[in-house]
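Visitor: Just so we're aligned: 531 in our numbering is position 198 of the sequence shown, and the numbers increase by one with no gaps anywhere.
Any given hint could turn out to be false.
Derived BS3-like pairs (lysine-lysine); straight-line CA-CA distance at most 25 Å [stated by the list, open to error]: (1) Lys567 / Lys557; (2) Lys567 / Lys517; (3) Lys395 / Lys378; (4) Lys557 / Lys517.
Taking CB as the label site, the calculated pair distances span [unchecked claim]: (5) Leu576 / Asp375: 16 to 22 Å; (6) Phe483 / Pro578: 17 to 23 Å; (7) Pro485 / Gly387: 17 to 23 Å; (8) Phe358 / Pro498: 19 to 25 Å; (9) Gly387 / Lys517: 28 to 34 Å; (10) Ile359 / Pro498: 29 to 35 Å.
FYI, nobody ran anything at the bench for these hints, they're computed from the structure. Bear in mind the structure is a predicted one, so any value in this text is a computation, not a measurement. The C-beta atom is built at its ideal place from N, Cα and C for all residues, glycine as well.
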Amino acid sequence: MSRSGQSHILAIGGGSFRQSRRHSFIEASPLLRYGLDLTGQDRPKLGLVATAVGDASDWILKMYGAFAGWDVELSHLTVFPMPNVEDPRAWMLEQDMIYVSGGSVANLMALWRLHGLDEAFEEAWRAGVVLAGQSAGALCWHVGGNTDSFGPDLRVWADGLGLLPYSCGVHYNSDSQRRPLLQKSVAEGELPGGYAADEGVGLHYVGTEFIQAVTVDPGGYAYKVDHDGADGVKEVRIDPRLLTP
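Please model the complete structure; the sequences and the hints are all you need to start from.
Guide: Structure representation (C-alpha coordinates):
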(Lines of atoms letter the chains of each structure in order from A; the text may use other names.)
(Lines give C-alpha, C1' and ligand atoms only; values in the text may rest on other atoms or scores of the structure.)
Protein backbone atom coordinates (compact mmCIF):
# COMPACT_ATOMS: atom_id res chain seq x y z
CA MET A 334 0.00 0.00 0.00
CA SER A 335 1.41 3.35 -1.05
CA ARG A 336 0.78 6.20 1.37
CA SER A 337 1.90 9.81 1.51
CA GLY A 338 3.32 9.35 5.01
CA GLN A 339 0.97 12.04 6.34
CA SER A 340 -2.08 11.65 8.57
CA HIS A 341 -5.18 13.33 7.13
CA ILE A 342 -8.61 13.97 8.63
CA LEU A 343 -11.50 15.56 6.71
CA ALA A 344 -14.27 16.61 9.10
CA ILE A 345 -17.41 17.61 7.22
CA GLY A 346 -20.11 19.85 8.67
CA GLY A 347 -22.71 18.52 6.24
CA GLY A 348 -23.12 17.88 2.53
CA SER A 349 -21.15 14.67 1.95
CA PHE A 350 -23.99 13.43 -0.24
CA ARG A 351 -26.68 15.16 -2.28
CA GLN A 352 -29.91 14.06 -3.85
CA SER A 353 -29.64 12.99 -7.48
CA ARG A 354 -31.54 15.29 -9.84
CA ARG A 355 -32.63 12.38 -12.00
CA HIS A 356 -33.35 9.64 -9.50
CA SER A 357 -34.31 9.03 -5.87
CA PHE A 358 -30.71 8.05 -5.14
CA ILE A 359 -27.96 10.05 -3.48
CA GLU A 360 -24.66 11.06 -5.06
CA ALA A 361 -21.29 11.61 -3.40
CA SER A 362 -20.29 15.28 -3.41
CA PRO A 363 -16.94 16.82 -4.41
CA LEU A 364 -16.07 16.91 -0.69
CA LEU A 365 -15.57 13.15 -0.84
CA ARG A 366 -13.60 13.42 -4.08
CA TYR A 367 -11.33 15.84 -2.24
CA GLY A 368 -10.85 13.29 0.54
CA LEU A 369 -10.14 10.46 -1.89
CA ASP A 370 -7.58 12.60 -3.72
CA LEU A 371 -5.67 12.91 -0.43
CA THR A 372 -4.95 9.16 -0.60
CA GLY A 373 -2.77 9.61 -3.70
CA GLN A 374 -4.26 6.42 -5.16
CA ASP A 375 -5.64 6.03 -8.68
CA ARG A 376 -8.25 3.55 -7.44
CA PRO A 377 -8.44 4.05 -3.68
CA LYS A 378 -9.92 1.55 -1.28
CA LEU A 379 -12.79 3.31 0.49
CA GLY A 380 -14.22 1.82 3.67
CA LEU A 381 -17.72 2.84 4.81
CA VAL A 382 -18.71 2.87 8.50
CA ALA A 383 -22.30 3.48 9.62
CA THR A 384 -22.08 2.62 13.33
CA ALA A 385 -23.76 5.93 14.21
CA VAL A 386 -27.01 4.82 12.54
CA GLY A 387 -26.90 1.29 13.94
CA ASP A 388 -25.36 -0.14 10.75
CA ALA A 389 -28.67 0.45 8.94
CA SER A 390 -28.51 -1.71 5.83
CA ASP A 391 -30.58 0.70 3.71
CA TRP A 392 -28.16 3.54 4.43
CA ILE A 393 -25.11 1.39 3.69
CA LEU A 394 -26.69 0.40 0.35
CA LYS A 395 -27.39 4.07 -0.44
CA MET A 396 -23.76 4.95 0.24
CA TYR A 397 -22.60 2.17 -2.08
CA GLY A 398 -24.91 3.53 -4.77
CA ALA A 399 -23.66 7.09 -4.21
CA PHE A 400 -20.26 6.11 -5.62
CA ALA A 401 -21.62 4.53 -8.80
CA GLY A 402 -19.26 5.46 -11.62
CA TRP A 403 -16.43 6.42 -9.26
CA ASP A 404 -13.16 4.55 -9.61
CA VAL A 405 -13.06 3.30 -6.02
CA GLU A 406 -12.98 -0.11 -4.36
CA LEU A 407 -15.76 -0.12 -1.76
CA SER A 408 -16.21 -2.19 1.38
CA HIS A 409 -17.83 -1.61 4.76
CA LEU A 410 -17.46 -2.42 8.45
CA THR A 411 -20.40 -3.21 10.73
CA VAL A 412 -20.66 -4.32 14.35
CA PHE A 413 -24.33 -5.43 14.37
CA PRO A 414 -25.09 -8.20 15.24
CA MET A 415 -21.36 -8.93 15.21
CA PRO A 416 -18.39 -7.55 13.21
CA ASN A 417 -18.82 -8.49 9.55
CA VAL A 418 -15.06 -8.96 9.07
CA GLU A 419 -12.81 -11.33 10.99
CA ASP A 420 -10.27 -8.66 11.94
CA PRO A 421 -11.61 -5.06 11.96
CA ARG A 422 -8.15 -3.65 12.68
CA ALA A 423 -6.68 -5.38 9.62
CA TRP A 424 -9.64 -4.17 7.54
CA MET A 425 -8.97 -0.57 8.59
CA LEU A 426 -5.29 -0.78 7.76
CA GLU A 427 -6.14 -2.13 4.28
CA GLN A 428 -8.19 0.99 3.41
CA ASP A 429 -6.90 4.16 1.81
CA MET A 430 -9.78 6.21 3.22
CA ILE A 431 -12.51 5.48 5.76
CA TYR A 432 -15.75 7.46 5.74
CA VAL A 433 -17.90 7.56 8.91
CA SER A 434 -21.54 8.57 8.52
CA GLY A 435 -23.58 10.83 10.77
CA GLY A 436 -26.01 9.71 13.46
CA SER A 437 -25.49 9.30 17.20
CA VAL A 438 -21.90 10.14 18.11
CA ALA A 439 -22.43 9.03 21.74
CA ASN A 440 -23.59 5.57 20.69
CA LEU A 441 -20.87 5.37 18.04
CA MET A 442 -18.09 6.00 20.54
CA ALA A 443 -19.53 3.55 23.08
CA LEU A 444 -19.59 0.77 20.48
CA TRP A 445 -16.18 1.61 19.04
CA ARG A 446 -14.63 1.39 22.50
CA LEU A 447 -16.50 -1.83 23.28
CA HIS A 448 -15.05 -3.46 20.15
CA GLY A 449 -11.58 -1.85 20.42
CA LEU A 450 -12.15 0.18 17.27
CA ASP A 451 -11.02 3.40 18.96
CA GLU A 452 -7.45 2.13 19.15
CA ALA A 453 -7.67 0.66 15.64
CA PHE A 454 -8.80 4.00 14.18
CA GLU A 455 -5.88 5.78 15.81
CA GLU A 456 -3.47 3.19 14.42
CA ALA A 457 -4.95 3.51 10.94
CA TRP A 458 -4.70 7.32 11.11
CA ARG A 459 -1.06 7.18 12.15
CA ALA A 460 -0.43 4.70 9.32
CA GLY A 461 -1.73 7.21 6.77
CA VAL A 462 -5.31 6.07 6.20
CA VAL A 463 -7.39 9.18 5.44
CA LEU A 464 -10.17 9.50 8.04
CA ALA A 465 -13.30 11.35 6.94
CA GLY A 466 -16.86 11.76 8.09
CA GLN A 467 -19.85 14.02 8.52
CA SER A 468 -21.58 15.25 11.67
CA ALA A 469 -21.03 12.39 14.17
CA GLY A 470 -18.34 11.20 11.75
CA ALA A 471 -16.65 14.60 12.09
CA LEU A 472 -17.09 15.12 15.84
CA CYS A 473 -15.62 11.72 16.73
CA TRP A 474 -12.03 12.61 15.76
CA HIS A 475 -12.04 15.68 18.04
CA VAL A 476 -12.22 16.12 21.81
CA GLY A 477 -15.93 16.85 21.45
CA GLY A 478 -18.60 19.32 20.46
CA ASN A 479 -22.36 19.36 20.87
CA THR A 480 -24.76 16.59 19.93
CA ASP A 481 -28.41 15.59 19.68
CA SER A 482 -27.51 12.01 20.67
CA PHE A 483 -29.55 12.42 23.88
CA GLY A 484 -32.57 14.27 22.48
CA PRO A 485 -33.64 17.25 20.37
CA ASP A 486 -32.06 19.74 22.77
CA LEU A 487 -28.32 19.72 22.13
CA ARG A 488 -25.91 18.76 24.88
CA VAL A 489 -22.20 19.34 25.31
CA TRP A 490 -20.25 16.18 24.55
CA ALA A 491 -16.53 15.75 25.33
CA ASP A 492 -15.87 12.03 24.89
CA GLY A 493 -14.33 11.91 21.41
CA LEU A 494 -11.22 10.07 20.30
CA GLY A 495 -9.17 13.25 20.73
CA LEU A 496 -6.93 12.58 17.73
CA LEU A 497 -7.47 16.30 17.13
CA PRO A 498 -7.09 18.32 20.36
CA TYR A 499 -9.96 20.68 19.48
CA SER A 500 -13.69 21.06 19.76
CA CYS A 501 -15.72 20.74 16.58
CA GLY A 502 -18.93 22.37 15.40
CA VAL A 503 -21.06 20.83 12.64
CA HIS A 504 -24.26 21.97 10.85
CA TYR A 505 -23.17 25.40 12.00
CA ASN A 506 -25.50 27.44 9.76
CA SER A 507 -28.47 25.05 9.63
CA ASP A 508 -29.18 24.34 13.31
CA SER A 509 -29.79 27.42 15.44
CA GLN A 510 -28.65 25.67 18.64
CA ARG A 511 -25.17 24.80 17.39
CA ARG A 512 -23.30 28.12 17.35
CA PRO A 513 -24.39 29.55 20.74
CA LEU A 514 -23.83 26.25 22.57
CA LEU A 515 -20.35 25.74 21.11
CA GLN A 516 -19.39 29.32 21.95
CA LYS A 517 -20.73 28.94 25.50
CA SER A 518 -18.94 25.61 25.97
CA VAL A 519 -15.61 27.06 24.87
CA ALA A 520 -16.10 30.27 26.88
CA GLU A 521 -16.81 28.28 30.07
CA GLY A 522 -14.00 25.79 29.51
CA GLU A 523 -16.19 22.73 29.00
CA LEU A 524 -14.56 22.27 25.62
CA PRO A 525 -11.24 23.42 24.20
CA GLY A 526 -11.12 25.93 21.38
CA GLY A 527 -11.59 24.48 17.94
CA TYR A 528 -13.18 24.72 14.53
CA ALA A 529 -16.69 24.68 13.10
CA ALA A 530 -18.13 24.08 9.65
CA ASP A 531 -21.29 25.17 7.86
CA GLU A 532 -23.26 22.81 5.63
CA GLY A 533 -21.22 21.87 2.57
CA VAL A 534 -17.91 22.67 4.28
CA GLY A 535 -15.07 20.32 5.24
CA LEU A 536 -12.21 20.92 7.69
CA HIS A 537 -8.91 19.45 6.51
CA TYR A 538 -6.24 18.57 9.08
CA VAL A 539 -2.76 17.18 8.45
CA GLY A 540 -1.59 15.55 11.63
CA THR A 541 -3.16 17.75 14.27
CA GLU A 542 -2.75 20.98 12.28
CA PHE A 543 -5.72 22.62 10.58
CA ILE A 544 -4.65 23.23 6.97
CA GLN A 545 -7.67 24.64 5.18
CA ALA A 546 -11.42 24.51 4.75
CA VAL A 547 -13.05 23.41 1.50
CA THR A 548 -16.65 23.84 0.39
CA VAL A 549 -19.21 22.88 -2.24
CA ASP A 550 -21.43 25.80 -1.18
CA PRO A 551 -20.28 29.31 -2.21
CA GLY A 552 -22.10 30.65 0.86
CA GLY A 553 -20.57 28.20 3.33
CA TYR A 554 -17.81 29.07 5.78
CA ALA A 555 -15.61 27.57 8.47
CA TYR A 556 -14.85 29.19 11.83
CA LYS A 557 -12.13 29.19 14.47
CA VAL A 558 -13.61 29.38 17.96
CA ASP A 559 -11.24 30.17 20.82
CA HIS A 560 -11.48 31.08 24.49
CA ASP A 561 -10.92 34.79 24.99
CA GLY A 562 -10.14 36.29 28.37
CA ALA A 563 -12.00 39.53 27.74
CA ASP A 564 -15.25 38.39 26.15
CA GLY A 565 -15.21 34.68 26.95
CA VAL A 566 -15.02 33.51 23.35
CA LYS A 567 -13.71 34.77 20.03
CA GLU A 568 -14.96 33.46 16.70
CA VAL A 569 -13.08 34.16 13.45
CA ARG A 570 -14.59 33.29 10.07
CA ILE A 571 -12.43 31.24 7.68
CA ASP A 572 -12.99 31.55 3.93
CA PRO A 573 -12.92 28.05 2.43
CA ARG A 574 -11.66 26.97 -0.99
CA LEU A 575 -14.55 26.32 -3.38
CA LEU A 576 -14.45 22.87 -4.93
CA THR A 577 -15.63 22.48 -8.52
CA PRO A 578 -18.24 19.82 -9.35
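Visitor: If a hint holds in the structure, say so; if it does not, say that too.
Guide: Comparing the hints with the structure gives:
no. : hint                        : verdict
1   : Lys567 / Lys557             : holds (8 Å)
2   : Lys567 / Lys517             : holds (11 Å)
3   : Lys395 / Lys378             : holds (18 Å)
4   : Lys557 / Lys517             : holds (14 Å)
5   : Leu576 / Asp375: 16 to 22 Å : holds (20 Å)
6   : Phe483 / Pro578: 17 to 23 Å : violated (37 Å)
7   : Pro485 / Gly387: 17 to 23 Å : holds (19 Å)
8   : Phe358 / Pro498: 19 to 25 Å : violated (38 Å)
9   : Gly387 / Lys517: 28 to 34 Å : holds (30 Å)
10  : Ile359 / Pro498: 29 to 35 Å : holds (33 Å)
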